[in-house]
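Trainee: These are the residues of each chain, in order.
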Amino acid sequence: MTFLENKWFLVSLVVLCWAISTSFMAGYYYFQYTDFYAKVRGVIISANLGINYGNSSEVVWFNNTKINAGATLLDLTRLVASVNYTGMLNSINGVPNSYPKYWMWWTWSGFGWSFGSFACDKYIVGENETLLWYYQDVSTWPPSPPP
Amino acid sequence: MDYLTKCFKMKPFKIAIIGTLVALSVATNYALIGVYNVKLIDFIVFVGGFCFGPLIGASIGILSWLIYGAINPYGFVPQVWLTTMFAESIYGIVGGFLGKSLASTEFRGQHIRLSVFFATMGFLPTVLYDLVTNIVYAYSFDVPVIVALLTGAPWTVLHEVANATIFGVCSVPMIMALGKLPEGLRHDLLRK
Numbered sequence: 040m041t042f043l044e045n046k047w048f049l050v051s052l053v054v055l056c057w058a059i060s061t062s063f064m065a066g067y068y069y070f071q072y073t074d075f076y077a078k079v080r081g082v083i084i085s086a087n088l089g090i091n092y093g094n095s096s097e098v099v100w101f102n103n104t105k106i107n108a109g110a111t112l113l114d115l116t117r118l119v120a121s122v123n124y125t126g127m128l129n130s131i132n133g134v135p136n137s138y139p140k141y142w143m144w145w146t147w148s149g150f151g152w153s154f155g156s157f158a159c160d161k162y163i164v165g166e167n168e169t170l171l172w173y174y175q176d177v178s179t180w181p182p183s184p185p186p
Numbered sequence: 189m190d191y192l193t194k195c196f197k198m199k200p201f202k203i204a205i206i207g208t209l210v211a212l213s214v215a216t217n218y219a220l221i222g223v224y225n226v227k228l229i230d231f232i233v234f235v236g237g238f239c240f241g242p243l244i245g246a247s248i249g250i251l252s253w254l255i256y257g258a259i260n261p262y263g264f265v266p267q268v269w270l271t272t273m274f275a276e277s278i279y280g281i282v283g284g285f286l287g288k289s290l291a292s293t294e295f296r297g298q299h300i301r302l303s304v305f306f307a308t309m310g311f312l313p314t315v316l317y318d319l320v321t322n323i324v325y326a327y328s329f330d331v332p333v334i335v336a337l338l339t340g341a342p343w344t345v346l347h348e349v350a351n352a353t354i355f356g357v358c359s360v361p362m363i364m365a366l367g368k369l370p371e372g373l374r375h376d377l378l379r380k
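Chains as they are written, first to last, in the working numbering: chain A, 40 to 186; chain B, 189 to 380.
Misleading hints may appear alongside valid ones.
Listed below are the simulated DSBU-like cross-link pairs for lysine-lysine, each with C-alpha atoms no more than 35 Å apart in a straight line [to be verified]:
#	chain 1	residue 1	chain 2	residue 2
1	A	K105	A	K140
2	A	K46	A	K78
3	B	K227	B	K202
4	B	K199	B	K288
5	B	K227	A	K46
6	B	K288	A	K46
Residues of chain A clear of chain B, computed beta-carbon distances all greater than 12 Å [what the hints assert, rightly or not]:
#	residue
7	C56
8	S85
9	E97
10	S137
11	W152
12	G155
What follows is a set of in silico ranges between Cβ atoms, one per label pair, in the way DEER data are often shown [as the list claims (entries may be wrong)]:
#	chain 1	residue 1	chain 2	residue 2	range
13	B	A215	A	I163	27 to 37 Å
14	A	G165	B	A215	25 to 35 Å
15	A	T125	B	I323	22 to 32 Å
16	B	V226	A	F70	54 to 64 Å
17	A	V53	B	G207	13 to 23 Å
No lab work stands behind these hints, which were simulated from the structure alone. Small disclaimer: the values here were computed from a predicted structure and weren't measured. Glycine included, each C-beta is placed from N, C-alpha and C at the ideal position.
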């Protein structure tokens, strides 16, 4: 069988097997996720959201804000503030993104503040999680954590 | 009719080998009853097909499930039983055609390539086997097909990976061992 002498044929077969198994697992986790999401969708959780307008270290806190499990940071923000969102967050309570200051979000953990590195409409809020919108200078990267 | 004629003309040696492989398949299935989806039956059927052709390979698969499926500790569902019986023959058929194809090829010094190739040949027919059996299971128990396929995915992948490992590791030594039996020397692979 000459095809056995072609290593790329064997590599293709192995990649095909890998693709099939990972596709199966991706489908499985997608199904599990949607099933779980449907089950917890009606459950109410609490989260803390702060807004720092960048003028000082003063933060306006909205503690124990009730929201449906599975809601995103954008959903939570809309509950407590006026938001302009067009695929990206443009302004909060009328304060717009304007170079060098932009709205960045942070999440609190035992290690301090962690930078929110992806879109706020994709981040699912956790039970009792503390999140912060910080209007900050991003001319230097990475941006400095909130005070 | 052709099949029966072939069976009647079969040499006692081959009949004994088929009987032994069927017994081995059934026995290993019962021995591994607690280990879900990791079974030697698929490999044994494949090797049977590889050494004795697709017809005999398929027969080993069908006969093995005929016995094991009828006295199955997990229960008996006729449509699933019939499906697994015929789906199991896939390994024998694939093994049979591979055996014929590989018979005229020189394989010296290609053990790793052969092992990788056999591993994929353990994986891909298992995808088909699991797909068919899951679809029949879904229709038998009135479960949506997509739900049956997705919820069973970890078991499917376990079955595929286990078969890939077993086929990859054991095929060459097993075929070489069978090749040492009389009449087993018809493949170049077996002459090694």
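Trainee: Compare the structure with each hint and give your call.
Mentor: Quick rundown of the hints versus the structure:
1. Pair hint K105/A plus K140/A holds up; C-alpha atoms about 29 Å apart against a cutoff of 35 Å.
2. Using a Cα cut-off of 35 Å, the hinted pair K46/A and K78/A is violated, with the two alpha carbons roughly 48 Å apart.
3. With a C-alpha separation of about 24 Å, the suggested pairing of K227/B with K202/B holds against the 35 Å cut-off.
4. A threshold of 35 Å between alpha carbons decides the hint, and for K199/B with K288/B the separation of about 19 Å falls inside it, so the pair holds.
5. Note on K227/B and K46/A: the hinted pairing holds, with a Cα-Cα distance of about 29 Å set against a maximum of 35 Å.
6. For a cut-off of 35 Å, the pair hint linking K288/B to K46/A stands: about 21 Å separates their Cα positions.
7. Not every beta carbon of chain B lies more than 12 Å from that of C56/A, the smallest distance being close to 4 Å; the non-interface claim is violated.
8. Residue-level check passed: S85/A sits 32 Å from the nearest beta carbon of chain B, beyond 12 Å.
9. Taking the minimum C-beta to C-beta distance to chain B, about 50 Å, the non-interface status of E97/A holds against the 12 Å cut.
10. At roughly 47 Å from the closest C-beta of chain B, the C-beta of S137/A stays outside 12 Å, upholding its exclusion from the interface.
11. Remark: the non-interface label on W152/A is consistent with the geometry, its nearest Cβ contact in chain B lying 37 Å away (cut-off 12 Å).
12. With a least beta-carbon separation of about 31 Å from chain B, G155/A lies farther than 12 Å from that chain, consistent with its non-interface assignment.
13. As the Cβ distance of A215/B to I163/A is approximately 50 Å, the hint placing it in 27 to 37 Å is violated.
14. Judged by the Cβ atoms, the range 25 to 35 Å given for G165/A and A215/B is violated: they are separated by roughly 52 Å.
15. Restraint check, T125/A to I323/B: a C-beta distance of roughly 45 Å breaks the suggested window 22 to 32 Å.
16. A hinted range of 54 to 64 Å is violated for the C-beta pair V226/B and F70/A, which are about 24 Å apart.
17. Range check, V53/A to G207/B: about 36 Å between beta-carbon atoms, so the 13 to 23 Å window is missed.
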